[in-house]
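Given the coordinates of chain G, assemble chain D onto it according to the supplied hints.
Protein sequences, first through last, are from chains G and D. So the first sequence is numbered by this note's numbering: it starts at 1 and just counts up by one. So the second sequence is numbered by this note's numbering: it starts at 1 and just counts up by one.
The hints are simulated quantities; they were obtained by calculation from the structure and are not laboratory data. There are no misleading hints in this set.
Beyond 12 Å from chain D on every Cβ pair, some chain G residues (computed):
1. 62
2. 63
3. 88
4. 113
5. 117
6. 118
7. 122
8. 128
9. 133
10. 168
11. 259
12. 263
13. 307
Derived pair list, reagent style DSBU-like, types lysine-lysine, alpha-carbon separation capped at 30 Å:
14. 144/G with 238/G
15. 238/G with 228/G
16. 144/G with 259/G
17. 22/G with 118/D
18. 179/D with 22/G
19. 126/D with 179/D
Beta carbons: idealized from backbone N, C-alpha and C, even for Gly.
Spelled out, the chains give:
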Amino acid sequence: MIKILKYSFIFLVLFSSTSCEKILFEEELASIDPFVNFNYLWEECDKKYAYFEVKNIDWDAVKEEYSAKLYKGMTQDSLFNVLGGMLTELRDDHTNLFSEFNVSSFGVSYLGQDNFDWRIIVENYITQDHYRTGPFRHNFLDNKEIGYVRFPAFTGEINGINLDFILNRYIDTKGLIIDLRENGGGAVADVFNLLSRFVSSETLVNFSRIKNGPGHDDFSQPLPVILKPSSRLIYTKKVAVLTDRGTYSAGSFTSLATKAIPNMVLIGDTTGGGLGLPNGGQLPNGWQYRFSITQALTLDKSPDFENGVPPDIRVLIDWSDLTKDEILERAISELQ
Amino acid sequence: MHQTGFSILFLLIFLFLGDINYTQAQSKNSHPSNDDSILTKKEMRKQIPMYIAIGLGTNNSMFRDYATSPLDYSGRVSQISLSRYKLNYKRETELGFSYDFGSYQNSYNNSFASSDLKRFELYFSKLYKVKLFEAIGVNTKLGFLLAGNGNFRINRALQNNGVGIDIFANLLGSIKFTKDISRVVAKDKKFLFIKYKLKEKKRDLAFRINMGLINSSYRNGYVYTGQSTILNDAMVFDDYEFDIFSGIRVSSRLDYTRYLNNKNAVQLSYIWDAYSSGEELDEFLMAHHIIRLTLLFNTNNR
Numbered sequence: 001m002i003k004i005l006k007y008s009f010i011f012l013v014l015f016s017s018t019s020c021e022k023i024l025f026e027e028e029l030a031s032i033d034p035f036v037n038f039n040y041l042w043e044e045c046d047k048k049y050a051y052f053e054v055k056n057i058d059w060d061a062v063k064e065e066y067s068a069k070l071y072k073g074m075t076q077d078s079l080f081n082v083l084g085g086m087l088t089e090l091r092d093d094h095t096n097l098f099s100e101f102n103v104s105s106f107g108v109s110y111l112g113q114d115n116f117d118w119r120i121i122v123e124n125y126i127t128q129d130h131y132r133t134g135p136f137r138h139n140f141l142d143n144k145e146i147g148y149v150r151f152p153a154f155t156g157e158i159n160g161i162n163l164d165f166i167l168n169r170y171i172d173t174k175g176l177i178i179d180l181r182e183n184g185g186g187a188v189a190d191v192f193n194l195l196s197r198f199v200s201s202e203t204l205v206n207f208s209r210i211k212n213g214p215g216h217d218d219f220s221q222p223l224p225v226i227l228k229p230s231s232r233l234i235y236t237k238k239v240a241v242l243t244d245r246g247t248y249s250a251g252s253f254t255s256l257a258t259k260a261i262p263n264m265v266l267i268g269d270t271t272g273g274g275l276g277l278p279n280g281g282q283l284p285n286g287w288q289y290r291f292s293i294t295q296a297l298t299l300d301k302s303p304d305f306e307n308g309v310p311p312d313i314r315v316l317i318d319w320s321d322l323t324k325d326e327i328l329e330r331a332i333s334e335l336q
Numbered sequence: 001m002h003q004t005g006f007s008i009l010f011l012l013i014f015l016f017l018g019d020i021n022y023t024q025a026q027s028k029n030s031h032p033s034n035d036d037s038i039l040t041k042k043e044m045r046k047q048i049p050m051y052i053a054i055g056l057g058t059n060n061s062m063f064r065d066y067a068t069s070p071l072d073y074s075g076r077v078s079q080i081s082l083s084r085y086k087l088n089y090k091r092e093t094e095l096g097f098s099y100d101f102g103s104y105q106n107s108y109n110n111s112f113a114s115s116d117l118k119r120f121e122l123y124f125s126k127l128y129k130v131k132l133f134e135a136i137g138v139n140t141k142l143g144f145l146l147a148g149n150g151n152f153r154i155n156r157a158l159q160n161n162g163v164g165i166d167i168f169a170n171l172l173g174s175i176k177f178t179k180d181i182s183r184v185v186a187k188d189k190k191f192l193f194i195k196y197k198l199k200e201k202k203r204d205l206a207f208r209i210n211m212g213l214i215n216s217s218y219r220n221g222y223v224y225t226g227q228s229t230i231l232n233d234a235m236v237f238d239d240y241e242f243d244i245f246s247g248i249r250v251s252s253r254l255d256y257t258r259y260l261n262n263k264n265a266v267q268l269s270y271i272w273d274a275y276s277s278g279e280e281l282d283e284f285l286m287a288h289h290i291i292r293l294t295l296l297f298n299t300n301n302r
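Same shape as in the complex, but just chain G (with noise of 0.2 Å):
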């Protein structure tokens, strides 16, 4: 008897644990249902998108258009085409949602011309024989009084070793191109690790603000992106940054900071934005979604660099002639 009561007292104490997990936590919110998913993507982004206002985006209007196109019992591939389709209103490649059979996106470099060619590059400036010194390609141009250097992607993997070969090999020069043309972006402490070669000061870039609450205006204080210089070599010499409707997030964060940067200039085409920093997250049907939570913001405060950072020189390719870079021939002739 005493047995009995024993394993029934062990027996109660395991079923009632798991029975007040049940009254503390509600229910898991799994669903596939069309609405539960849209209206839950749909507040998410109402609450914690950051460029509503610059953007100038009536998302509650977006609501109504989409959840119209929505219906009990429609395909995996419909609801995502609606998902998909409201998230590409925001204007924004840092907003997409993932699925097992698919990834939406806004597509922004379509939005300006194609300004650049790595063959038109390799063929008729820097030769086969240029250099492959971790992520960047180089070499001189015009009589070894100009270098070039290609960035074709933010991967993280800027070293001090690298920068150092770059440097010094160019360091006699009058002065650097650097090529961000349809550099989409990556890891933002590359952006760091390059641009601090180009100071020889602390330098105030830009400031940056992140969402603290719901409404579509409710950010931090603006707090200040200081640039610092490298203790390693520092190139002083006028640097010309190259880029276009494809340089993209790290990219443009990259041009942004050339605004700051007395011997920086920008030439080429409007960037592409992506100044947010892009969160991400999981729908109740198990999709994954990523959208911009914070704004970067010029040196007055402005963020409208997110439509994209504008070149100090604006020059665009004509694809009349395709031995010739427009773009990199006016760099050559700004840095004589």
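Below, chain D without anything else, positioned relative to chain G:
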């Protein structure tokens, strides 16, 4: 399976160290004796048996972090624990830590995500005997449990929100019931034609409930990730906020303890622990169901 095998090996080694047969020697350890009255308080404290407790366990656990996902992540993770444990009939004190590690998964609607989690907990507990249920031979103690724990989570599916660090500090009120279920007299038994003898055994069964009184958390800010990386000033607790009263915590623990004649002991425990923090947009829920085997090494020969 690998973990279970390790636990069994751990137990066998321990049992090999000491004679499992019970002797009458330890009765003073757990029950008051007349000698107590002639000892000073300091001497009495020295008489309290003290143990170093080393535990290995398996933790069937789940969490949900609304700041990044409305979905449950669950997993069976491993736990190790180490504590200093002092107890007798009148009071008990425990100071220790535990470390859980493993992977949690969510698989739903053909989408799969995994979160690697490391969890540290530091705890201190003190309990004092009260006159409750003595008539039915139950030793009841009241006291508190102070627990601080931190989760370090990495979930690549959540991209820039992929790293989560949560810190919780809780003061819990505790009540513990202990029933001595020792076999004081050896028994001769027979099963079919097989005769065998059940020897004396010193053992007890304890059940403890802890209820959160002060539940504090140090967690991410409004949009979960911070902006320190784009400020060129990367920091770990980026945009974190401290909330002194946030959420709830409830836990319970069932211990079966078998004392050996070398004054060491073996304890098998089932621990349930559930807590929440935050509200609506960033609510965090976590629950643990831990089966733990603990070896208690007596360090003062009491």
